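I would like the entire structure built from these sequences, with the hints used as guidance.
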Amino acid sequence: MNATIVRLGVRAVLGRRRGIMLFILPVILILLAFVVRALAGEGTDTAGHLLPPLGLHVLLPLVALIAASSVLAPEIDDGSIVYLLAKPISRFTITSSKLVVALGCTVVFAVVPILIAGLILATGTPLLAVAYAVGALVAGTAYAALFTWLSALTRHAVVIGLIYVLLWEGLIGGLVSGVRWVSISWWASAIAEAVDDRLRLVSPDLGLPYAVIASVIVVAGFVLLAARRLQGFNLTGDE
Amino acid sequence: MSVIALENVSRWYHNVVAVNDVSMTIGPGVTGLLGPNGAGKSTLISLMSGFLAPSAGSVTLDGKRLWRNPEIYRVIGLVPEREALFDYLTGRQFVTANAELHRLPDPGAAAHHALAVVEMTDAQDRAISTYSKGMRQRVKMASALVHDPAVLLLDEPFNGMDPRQRMHLMELLRRMGAEGRTVLFSSHILEEVEQVARQIEVVVAGRHAASGDFGAIRRLMTDRPNRYVLRSSDDRALASALLTDPSVRGATLRTQGGLDVEASDFGRFAQVLPRLARDHSVRLLEVAPTDESLESVFAYLVSS
Chain A
1 MNATIVRLGV
11 RAVLGRRRGI
21 MLFILPVILI
31 LLAFVVRALA
41 GEGTDTAGHL
51 LPPLGLHVLL
61 PLVALIAASS
71 VLAPEIDDGS
81 IVYLLAKPIS
91 RFTITSSKLV
101 VALGCTVVFA
111 VVPILIAGLI
121 LATGTPLLAV
131 AYAVGALVAG
141 TAYAALFTWL
151 SALTRHAVVI
161 GLIYVLLWEG
171 LIGGLVSGVR
181 WVSISWWASA
191 IAEAVDDRLR
201 LVSPDLGLPY
211 AVIASVIVVA
221 GFVLLAARRL
231 QGFNLTGDE
Chain B
1 MSVIALENVS
11 RWYHNVVAVN
21 DVSMTIGPGV
31 TGLLGPNGAG
41 KSTLISLMSG
51 FLAPSAGSVT
61 LDGKRLWRNP
71 EIYRVIGLVP
81 EREALFDYLT
91 GRQFVTANAE
101 LHRLPDPGAA
111 AHHALAVVEM
121 TDAQDRAIST
131 YSKGMRQRVK
141 MASALVHDPA
151 VLLLDEPFNG
161 MDPRQRMHLM
171 ELLRRMGAEG
181 RTVLFSSHIL
191 EEVEQVARQI
201 EVVVAGRHAA
211 SGDFGAIRRL
221 MTDRPNRYVL
231 RSSDDRALAS
241 ALLTDPSVRG
251 ATLRTQGGLD
261 VEASDFGRFA
271 QVLPRLARDH
281 SVRLLEVAPT
291 DESLESVFAY
301 LVSS
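Protein chains in written order, with our numbering: chain A, 1 to 239; chain B, 1 to 304.
Hints are computed from structural coordinates only; laboratory data are not their basis. Don't take every hint at face value.
[As the list claims (entries may be wrong)] Pair by pair, the computed Cβ-Cβ distance ranges are: (1) A:Leu-32 with B:Glu-119: 53 to 63 angstroms; (2) A:Ile-116 with B:Asn-69: 44 to 54 angstroms; (3) B:Arg-164 with A:Leu-153: 38 to 48 angstroms; (4) A:Ile-20 with B:Ser-58: 42 to 52 angstroms.
As the structure is a prediction and not an experimental result, all values here were calculated from the model. Glycine included, C-beta positions come from ideal geometry on N, C-alpha and C.
Shown next as structure tokens:
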């Protein structure tokens with residue numbers, strides 16, 4: 001990790017117009033939590049109806065996508081990444097520094113808001129909120145790594161990322177249970193379930209060990225792939 | 001003393017050849033990489049700065065491979081052609097960040113020095129987004145100089161600069177070269193290159209068309225056959241007079257009036273033409289070169 005790259009990355013994310021979305025999305029979730037609590041009352045059921053679909057399947061991947069794409073994609077697009085690359089720094093260090101920024105944003109703008117929303121909805125059972133937050137943290141890391149790689153790979157990272165989030169994680173993952181084995185947000189649910197066993201989010205066969213191992217592999221794999229991609233960066237553009 | 005060596009380097013993108021079997025050695029001093037737009041200059045600089053893999057052949061810096069070798073950036077300073085910088089930073093923050101990325105012991109002092117060298121001290125605390133094109137160019141230059149590199153590669157550094165900034169950068173490059181650094185810059189303007197570089201490498205359509213001292217390149221370029229269209233009070237008399245001079249290779253009467261002339265020695269032809277016209281009482285009405293475009297100059301170099 002390189003402190004200078006992290007510092008530049010934070011300014012790049014928060015300094016852009018897209019950065020405003022990072023503030024707006026969690027505010028919506030928390031406001032919704034207040035509204036739902038006022039209408040339906042506090043309790044684990046209310047939390048269970050709002051947090052997985054809105055928090056884990058929508059807010060979390062969206063925030064990770066916005067953060068990861070604004071930390072890397074614009075620099076690759078306009079070529080200013082060359083000022084980072086023309087330095088005696090390993091590409092792995094550059095990629096992991098970028099990932100740290102994306103992950104930091106994901107924690108601040110998605111994981112913490114999910115925790116807050118959980119506490120608002122199920123004030124009596126704080127473990128439930130913690131369970132969702134832990135799941136969100138693991139999944140957020142996996143998303144950040146995936147989207148960092150996607151941003152290094154293509155200039156259409158945001159569009160492809162959105163399609164992936166909405167179709168794969170959102171729609172297909174909810175309909176076809178087999179997809180849950182290869183869906184980051186469902187691993188998050190499995191991990192949340194392990195923290196608080198009152199939760200019944202996923203079919204029981206997708207257990208904690210699988211979810212943890214799959215997440216670790218995804219994070220490590222995509223960081224390495226992104227570093228490889230930067231290693232082959234062409235100044236004159238890709239053929 | 002650092003030397004960049006290209007040996008039989010080719011680079012192609014699918015079936016388009018950008019660089020075709022180029023071998024050249026760039027040593028200490030200032031070298032100008034001259035060629036028309038699209039000749040492959042940027043591709044060559046990308047190859048020399050480790051940002052492009054050769055499809056064939058080898059590119060090395062002091063014997064070390066450049067591609068996928070970040071360690072080489074300890075000795076290389078690169079000024080890319082593209083304008084994009086970190087616009088949300090001030091000039092000073094940007095150059096300091098570059099110094100930090102090089103892990104210099106005192107990044108602040110190194111940045112201060114580099115900004116002074118390019119005369120950007122006054123504007124260093126303004127955001128880069130407010131900079132003019134020339135100022136951006138100078139900040140890019142400062143970021144490339146901040147670690148005192150032995151090799152400096154600049155892609156079209158004079159683009160968009162006003163004459164004063166141009167003079168200043170030329171002076172800076174000359175000084176860098178005199179200090180024993182290996183400085184290479186690309187340009188498509190001969191006059192620009194010969195004011196700074198002793199050594200000139202000419203590339204045309206991806207090929208290494210000429211190499212040598214700027215005097216030799218200048219002669220190659222000016223001694224080529226030049227074509228002119230003349231209109232005068234008596235084309236036929238002028239044609240026969242011109243053909244007596246060795247600087248003229250041919251003269252053809254145009255059917256619609258006027259005269260096509262091919263001259264082999266530009267300098268001599270320019271002196272001889274008015275004298276001959278006067279001696280034969282012919283009034284010159286128009287003298288126009290027909291193929292002065294840079295491309296035709298380069299095309300001649302390739303064929304010779």
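These are the hints, each one checked on the structure:
For A:Leu-32 and B:Glu-119, the hinted distance range of 53 to 63 angstroms is satisfied, since their beta carbons lie about 56 angstroms from each other. Taking 44 to 54 angstroms as the suggested C-beta distance range, the pair A:Ile-116 and B:Asn-69 conforms, at roughly 47 angstroms. Between B:Arg-164 and A:Leu-153 the beta carbons are some 44 angstroms apart, a value that agrees with the proposed interval 38 to 48 angstroms. Against the hinted window of 42 to 52 angstroms, the Cβ-Cβ separation of A:Ile-20 and B:Ser-58 comes to about 49 angstroms, which satisfies the hint.
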